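Given chain A, put chain B in place with the hints provided.
Spelled out, the chains give:
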Amino acid sequence: MNILVCISKTPDTTAKIAFTEGNTKFDENGVQWIINPYDEWYSLVRAIEIKEKDPSTQIHLITVGGVEVEPILRKALALGGDEAIRVHLNSNDSNEIAEQIAFIVKQGSYDLILTGKETIDYNSSCIGSMLSALLDLPFVSLANHLELNGNTATLIREIEGGEETNEVQLPMVVSCQKGMAEQRIPNMRGIMAARTKPLKIVEPTPTTPLTQIKEFNLPPTKTGVKLIAPDQMDELVRLLKEEAKVI
Amino acid sequence: MVLIYIDHADNQIKKATQEAISYGAAIAKLLNCSAEALILGAVEDDLTELGKLGAQKVHQLKNESLNTFDAKVHSNLIATAAKSLGATVVIFAHNINGKALAPAVAVKLSAGIVTGACRLPSLQDGFEVTKTVFSGKAFASIKIESPIKVIAINQNSFGVHPYENTALVQSIDLPIPPASIKVTNINKVKGEIPLTEASLVVSGGRGLRGPENWGILLDLAKALGAATACSRPVSDSDWRPHHEHVGQTGIQIAPDLYIAIGISGAIQHLAGVNRSKTIVVINKDSEAPFFKAADYGVIGDAFEVVPALTAAILKMKHNQ
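Those sequence lines, one after another, are chains A and B.
Counting in the working numbering, the first sequence runs from 1 upward without gaps.
Counting in the working numbering, the second sequence runs from 1001 upward without gaps.
Chain A extracted, bound-state conformation (with noise of 0.2 Å):
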């Protein structure tokens, strides 16, 4: 079994939202990185499970970026990642992170295709469903549960009000979300091994992105608390429908 996990790098979820160079960048000045939570706890933490079962499986990382993002790879590989993969680009554009990676899928065989269900910073919920087209292949998203028997994945995913089930031949693609495993701390036998597994920089193929950021905002901030004595409730109500409108 050879399973990819898509690794992307996000700013920690403490992290002060700012913005530099005229509002078109984010400010990384002091911000701490860390893998999107939804690649970690739920899509790497999982095929290190499947792996656990079955030790013949191998867990391929892979990331779109710039040098910056080796020490997450590296955190990755100490939580059970076997090898990884930068493909040396950087890019905010969905469609072209989706192509690179897609790219070096085709050049190998994995049965099985992870995501988080989305990263915290952009939060596109895209390279996924983007990656099934790409490479004509199932797509589960937002599962919460999988597993694995021979070539068949049962899957449970979030449907409004509910869950559904579904059977999937592999290979396939699969969105993470919570449920799916719990989070893992990496330790210190998995930190060393990390150091000598192999961390393999590829050069991008050619893509043109499709979409450009121009400008950031911050939300304007609340105009201040409006407080009502917890034996006014019945005031409450009345501003919920008259000034809010919204019961």
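If you're looking for bench data, these hints aren't it; they were derived computationally from the structure.
In silico DSSO-like cross-links for lysine-lysine, where the CA-CA straight-line distance does not exceed 30 Å:
1) Lys241/A x Lys1317/B
2) Lys1143/B x Lys1083/B
3) Lys226/A x Lys1284/B
Which stretches of chain B does chain A cover? Using the computed rule of at least three CB atoms under 8 Å from a CB of chain A, they are:
4) 1091-1101
5) 1105-1111
6) 1249-1256
7) 1268-1280
8) 1294-1305
This one's a predicted model, so the numbers in the text were calculated from it and none came from an experiment.
For glycine and all other residues, C-beta sits at the position ideal for the given N, C-alpha and C.
Then chain B, alone, in the frame of chain A:
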């Protein structure tokens, strides 16, 4: 032509799609072209009524097998239909199925895509779409540079706008690719309002001290007709099911009203709810950071405040 994808389940068009149709119709007006909708499968709803949301035509591929969702099959058909109908903009709701389909359709149409859009595009300098980024903590304006554009619109960000049209329903005939997914079970929580579709949400945190105390929250939700949600520590402790967890790593919602009970308002929680139109915070700790993000706040004991609020709502409803 602007083509809007109609998502449906249980023989009904989803609420998020109604908004997507209105959004697509508004874009068609900006571009001076027609707004047309595409439905794969069949619903009980009267499709001519989609004219009231702004669709001039509805193209229907009426095949029962398409009522089962298969991202590969559906995205293939949508892309083929978009090409044959000559769509220049394709609109999806940024909901569960929209997230699975829109990016694949963009690939097949060599289209640039913006998901999580929250405003009408600006045509001043090309075609720019504003979307939420950093889990709602900021906006980005993104220029789409390809001839065909795909946009997935955030739920509850544009609203439904009435039109006085009757849509013309036409059938479209396309070869249906073989299924890639077998749906073996569907498990819907009966009688519960789906969180992502809810306009009103009541949410609880650790301040409620234990799952046995959720009754007051459920009573409030029932009185309002609201969906229920919770913070991460609550779902991590299994006080409430995982699907109720809202926040950065749970689900992100944007209801009209979000009532947070006993939730301190950590930055990761706010990231999941800060697009709510109105936020009410009930917390006994006046220093809780959530008050800074709230529109209305009640500093007090949830066990007294929440039943009083429920009673006040029932009284208001009774007097209506």
